[in-house]
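Spelled out, the chains give:
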Amino acid sequence: MLVMLLVAGGIIIYGMFDPAQTTFFPPCPFRELTGLKCPGCGSQRAIHHLLNLNIQAALSHNVAMVLSIPYIIFGAFLDWKKPISKTWRKWRQRLYGEKAIYMVLFLILSFWVIRNI
Amino acid sequence: MKQYYFTDGQRRYGPFTYEALQEQNITHQTLVWYPGLDNWTPAGETEELQSLFAVKPPPLDNLGDTPGQEASDREESESGDSGPGQQPSRQGGAKDQKAPSHEPGPGQAPQRAAAQSQTTGRQGLQGSASQGQQAGFGGNRTAGSSFQQTPGGPPTPPKSWLVESILVTLFCCLPFGIAGIVNASKVESRFHAGDAPGAERASSQAKKWTQTGFWIGLIAGIIYVLAIAIGGGSSYY
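For the protein sequence lines, the chains are A and B, in the order given.
Heads up, the first sequence is in our numbering, so the first residue is 59 and it goes up one at a time.
Heads up, the second sequence is in our numbering, so the first residue is 67 and it goes up one at a time.
One chain only, chain A, in its complex shape:
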């Protein structure tokens, strides 16, 4: 319920305002402190551009976040679909099993390093 309200509110606010040009979006504390980008930096701006269907601008602000959206949606779908059939289970095992999770972790950490080089 709370999550749904937040998502709805978020879509409106992030769709209407560009975080790059307004002051009331919270900046990343890691970036404020260190000057380096964290793996999530640019997500707010990317969402703004996505909601305005400007995919290229969104990708330029945070590639990882934009590319992970289908993965996140599919994962949430599998979580939600509780009596899970054999085929879906196989996909869940492949994409969200132990090895896949380590892969995700590795990708996030390497993205963190690479975007700061």
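It cannot be assumed that every hint is accurate.
Unchecked claim - Here are the simulated distance ranges between beta carbons:
#1 295(B) x 73(A): 36 to 44 Å
#2 291(B) x 145(A): 40 to 48 Å
#3 291(B) x 112(A): 22 to 30 Å
#4 277(B) x 144(A): 45 to 53 Å
#5 67(A) x 103(B): 40 to 48 Å
#6 68(A) x 278(B): 16 to 24 Å
Please keep in mind that the hints were generated in silico from the structure rather than gathered at the bench.
No residue lacks a Cβ here, since even glycine has one placed at the ideal position from N, Cα and C.
Starting from the known structure of chain A, fit chain B onto it as the hints suggest.
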């Protein structure tokens, strides 16, 4: 939602909802407790949890006892069309038999837990579900749709919170999100090693980290917005 606990004699597991309890391989001898019981009680002796066993065969050592006639009837009806899918759960029954179960007490519980975790990996829930239905044992209320749709498949692991962890990592609080992801991988690895309670623990750890991260992020965001609103927006960005 009513909450249930069970123990292997050393640790307490839970709280579980009834649905979650169904996936915990509770046997007739497993000591359970829920509000309304005075003490830890073997699940087979509670009225409320009888429906759990609608999807699991009773232990084989009942064969010699009074309900023996019933039990052997069931064996016959099973052997009529026992497919490969049913084989593992019969082994599970045999293991239950090895664990002494005449006087269920805490001392015996660990053995039972070991037998359970050995079978968890191999024993498809479906195998036992179909047996329970054929036998018509107990209330058939729970031997229902959810298991029926997954013939021969293993039980599903507990929620790993992976999706939530990734969102927390990307949108607010990297350390909490990473901790959530690490715990998500533990959920999967422990579950597939047959350590269902361990997976359950990792799942609640993952939940703790992601939810902490989520709330910290939300509250920090609100405080920031309020501060900007009051301070008149002197910050850049």
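Inset, instruction - Just pull the numbers of the violated hints for me, sorted ascending. - result: 1 and 4
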